[in-house]
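So the chains spell out like this:
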Amino acid sequence: MSLKRILTPLPAASAPLRRQAAAMSTAVTKMNLFTAVNDAMRIAMKTDDTAVVFGEDVAFGGVFRCSVGLREEFGNDRVFNTPLCEQGIAGFAIGYASMGKTAIAEIQFADYIFPAFDQIVNEAAKYRYRSGNEFDVGGLTFRTPCGAVGHGGHYHSQSPEAYFTMTPGLKVVMPRSPAEAKGLLLASIRDPNPVVFLEPKALYRTSVEEVPDGDYEIALGKADVMRTGADVTVVGWGGQLRVLEAACDMAEQERGISCELIDLRTLMPWDVETVEKSVNKTGRLIVSHEAPVTGGFAAEIATKITERCFLSLEAPIERVCGYDTPFPLIYEKYYVPDKLKCFEAIVKAAEY
Amino acid sequence: MPIHVGSSEHHFHTISSPLSTQIPQAVGAAYALKQEGRDNVAMCFFGEGAASEGDFHAALNFAGTLEVPIVFFCRNNGYAISTPTHEQYRGDGIASRAVGYGMHAIRVDGNDMAAVYAATKAARELAISNSCPVLIEAMTYRVGHHSTSDDSSRYRSIDEIKKWKEDVDPISRFRNYLEKEGLWSQDEDTQLRSDERLEVLKALEAAETAGKPSLEEMFTDVFDEKPAHLVEQEEAMLAHIAKYPDKY
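Protein sequence lines, in the order shown, are assigned to chains A and B. Each residue of the first sequence is one higher than the one before, counting from 0 in numbering that gives the first Met the number 0. Each residue of the second sequence is one higher than the one before, counting from 0 in numbering that gives the first Met the number 0.
In case anyone wonders, no lab produced these hints; they're calculated from the structure. Be aware that a few hints might be false.
Unchecked claim - Not the full set, but computed from the structure, chain B residues with beta-carbon under 7 Å of chain A:
hint, residue
1, His9
2, Pro17
3, Thr20
4, Pro23
5, Ala25
6, Ala57
7, His228
8, Gln232
9, Glu234
10, Ala235
As the list claims (entries may be wrong) - In silico DSS-like links for lysine-lysine, alpha-carbon gap of 30 Å or less:
hint, chain 1, residue 1, chain 2, residue 2
11, A, Lys125, A, Lys303
12, A, Lys125, B, Lys161
13, A, Lys347, A, Lys332
14, A, Lys303, B, Lys246
15, A, Lys332, A, Lys280
16, B, Lys164, A, Lys125
17, A, Lys125, B, Lys162
18, A, Lys303, B, Lys211
19, B, Lys225, B, Lys211
20, A, Lys221, A, Lys340
21, B, Lys225, A, Lys303
22, A, Lys338, A, Lys221
23, B, Lys33, A, Lys45
24, A, Lys280, A, Lys340
25, A, Lys276, B, Lys246
26, A, Lys221, B, Lys211
27, B, Lys161, A, Lys280
All values reported here derive from a predicted model rather than from experimental measurement. For each residue, glycine too, the CB sits at the ideal point set by N, CA and C.
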């Protein structure tokens with residue numbers, strides 16, 4: 000089975016993946032996010048005999064059904080449950096990968112990744128550097144559901160990406176849709192560096208699209224310009240892009256503001272060039288994420304773009320993010336950076 | 000710190016400073032060996048202090064449930080820096096924990112070379128043939144200070160150290176045994192010590208004259224390849240150093 004690498008960015012408006020697939024005469028199947036993740040793992044395991052999938056409850060199919068059918072297809076020794084222990088999952092994964100193998104480790108909720116934080120930050124991220132390249136854990140990928148889901152509260156809603164972007168040696172990826180997830184996950188699994196792959200859990204069932212069949216990858220470190228525009232650059236990742244799309248539509252319809260919408264896809268390393276090019280054109284930037292605003296990843300983007308585009312900027316960079324509180328339960332709808340807040344920010348920047 | 004050496008050629012993994020993180024990693028490595036059907040074990044070394052960390056417990060539980068060929072080797076030397084074992088645990092040492100995690104364990108005199116060899120050989124064979132974990136707890140005593148920053152007379156008596164050093168020094172014991180068996184002599188001992196000392200001095204000199212690694216290596220091996228932001232940072236650093244060549 001040949002590998003198809005779909006490299007981005009494409010010139011000007013990049014076509015949605017399904018149109019690319021159609022142009023390449025590739026068959027597609029309509030599926031949701033968890034099915035796309037499942038498909039990616041299946042392909043990874045078919046093409047790499049060393050690839051194993053493990054974590055809590057993955058054997059029966061996983062609490063979000065991402066590993067359904069894998070055990071039946073690949074066997075008990077390649078798809079297995081671990082004891083309930085994230086630090087163990089992470090340490091075990093690192094050790095397995097250090098032997099040159101492919102470890103696909105699931106952390107059941109991103110909110111529970113913190114017991115594994117020492118292993119991920121002090122061990123996985125530094126494994127190659129500290130050994131002078133004698134060893135590495137390039138075959139290691141952590142997968143974990145993240146983000147708001149409507150009723151998750153403090154401990155089933157977090158978006159911890161910013162803790163990992165500040166850790167040299169890790170790559171951090173978050174897909175926005177099924178087709179994106181499949182290609183990005185395959186790229187992450189095969190990338191010769193440890194990757195933290197965050198899956199927006201709200202999208203598992205509700206995000207559905209035509210996903211190319213077969214084996215393909217979406218390059219890490221390359222952003223996707225989802226729509227081109229002239230007035231304001233809007234940047235997000237993961238589940239937030241659905242909100243931003245709606246906000247951009249609203250800005251267009253109600254105020255005639257033309258937005259250029261960019262999905263970063265990879266947060267570390269992030270595609271500075273694509274965002275820089277866009278902001279040099281528009282002069283205005285909105286960055287939006289669910290995670291708390293202070294120290295969240297928008298701060299990094301805002302600062303870097305200020306450095307790169309200072310003379311092009313026509314307005315202060317706007318961040319539309321979660322507030323600096325633990326992710327609330329009853330107050331969720333007030334807390335999240337919703338369509339209206341994003342719309343307000345776009346208008347503010349456009350009219351500055 | 001000398002604990003950070005590693006060699007892929009020798010299958011000797013480089014470890015970090017946070018203690019016990021290598022223990023669950025060794026379980027993962029053992030799983031890889033099992034997958035390959037190799038006639039090998041993973042051997043993982045740690046002290047009785049590190050065995051208090053959560054990673055130790057995580058590792059033993061994983062090793063048992065996932066049935067991996069691993070030998071956990073605990074050096075119980077009585078102290079974790081200044082903390083004596085009475086302040087480290089109240090159970091029956093580290094060996095007793097193995098039972099709780101469903102695995103074989105053996106407690107051995109860590110100052111008896113032959114006993115440690117025998118125990119390790121047996122543990123290795125058991126681990127490979129049954130694809131199971133085995134824990135060895137080697138009882139010993141830390142004669143030296145914890146590190147060059149430590150003065151252990153501040154928390155233990157000189158008499159205590161003296162007693163252990165004189166009564167059960169493992170190297171003396173083994174040498175006495177070899178000499179009694181006619182396998183070793185005082186002359187050979189003197190010669191060996193002199194030869195080894197020379198080797199160490201040679202290695203020291205080679206290391207000292209080798210100099211420091213090139214600045215360019217600071218940004219390599221963070222990832223397999225340098226991403227754009229590291230190339231940018233490296234250029235900025237080198238430009239800065241070039242501007243102030245005498246200050247660095």
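Here's how the hints hold up against the structure:
Checking His9 of chain B against chain A: minimum C-beta separation of about 10 Å lies over 7 Å; hint violated. Residue-level restraint check for Pro17 of chain B holds (minimum Cβ-Cβ distance to chain A is 5 Å; threshold 7 Å). For Thr20 of chain B, the shortest C-beta to C-beta distance to chain A is roughly 5 Å, which falls under 7 Å, so the interface hint holds. Evaluation of the Pro23 of chain B hint against chain A yields a held restraint, the C-beta minimum of about 3 Å falling below 7 Å.
The beta carbon of Ala25 of chain B comes within 6 Å of a beta carbon in chain A, closer than 7 Å, and the hint placing it at the interface holds. A hinted interface residue such as Ala57 of chain B counts as satisfied when its beta carbon comes closer than 7 Å to some beta carbon of chain A; here the least separation is about 3 Å, so the hint holds. The beta carbon of His228 of chain B comes within 6 Å of a beta carbon in chain A, closer than 7 Å, and the hint placing it at the interface holds. A least Cβ separation of about 10 Å between Gln232 of chain B and chain A goes past the 7 Å threshold, and the interface hint is therefore violated.
The beta carbon of Glu234 of chain B comes no nearer than 15 Å to any beta carbon in chain A, farther than 7 Å, and the hint placing it at the interface is violated. Against a cut-off of 7 Å between C-beta atoms, the interface hint on Ala235 of chain B is violated, since the closest Cβ of chain A lies about 12 Å away. The straight-line distance between the Cα atoms of Lys125 of chain A and Lys303 of chain A is roughly 25 Å, inside the 30 Å bound, and the hint therefore holds. A hinted pair counts as satisfied when its Cα atoms are at most 30 Å apart, and Lys125 of chain A with Lys161 of chain B does not qualify at roughly 41 Å.
At roughly 22 Å between alpha-carbon atoms, Lys347 of chain A and Lys332 of chain A fall within 30 Å of each other, so this suggested pair holds. For the suggested pair Lys303 of chain A and Lys246 of chain B, the alpha carbons sit about 29 Å apart, so the restraint of at most 30 Å is met. With a CA separation close to 34 Å, the supplied pair Lys332 of chain A and Lys280 of chain A exceeds the 30 Å bound. Restraint check for Lys164 of chain B and Lys125 of chain A: not satisfied, since their Cα atoms lie roughly 38 Å apart, outside the 30 Å limit.
Annotation: proposed proximity of Lys125 of chain A to Lys162 of chain B is violated, straight-line Cα distance about 42 Å (limit 30 Å). Only pairs whose Cα atoms come within 30 Å are accepted, and Lys303 of chain A paired with Lys211 of chain B is rejected, the gap being roughly 33 Å. Taken as a hint, the Lys225 of chain B and Lys211 of chain B pair is honoured in the structure, with Cα atoms around 21 Å apart against an allowance of 30 Å. Pair hint Lys221 of chain A plus Lys340 of chain A holds up; C-alpha atoms about 27 Å apart against a cutoff of 30 Å.
At most 30 Å may separate the alpha-carbon atoms for a hinted pair to count; Lys225 of chain B and Lys303 of chain A meet this at roughly 19 Å. For a cut-off of 30 Å, the pair hint linking Lys338 of chain A to Lys221 of chain A stands: about 25 Å separates their Cα positions. Using a Cα cut-off of 30 Å, the hinted pair Lys33 of chain B and Lys45 of chain A holds, with the two alpha carbons roughly 20 Å apart. Taking the CA atoms of Lys280 of chain A and Lys340 of chain A, the gap is about 24 Å. The hint holds against a cut of 30 Å.
Distance check on the hinted pair: Lys276 of chain A and Lys246 of chain B sit about 37 Å apart at the alpha-carbon level, beyond 30 Å; violated. Restraint check for Lys221 of chain A and Lys211 of chain B: not satisfied, since their Cα atoms lie roughly 36 Å apart, outside the 30 Å limit. With a C-alpha separation of about 77 Å, the suggested pairing of Lys161 of chain B with Lys280 of chain A is violated against the 30 Å cut-off.
Against the hints set out earlier in the document, violations occur for numbers 1, 8, 9, 10, 12, 15, 16, 17, 18, 25, 26, 27.
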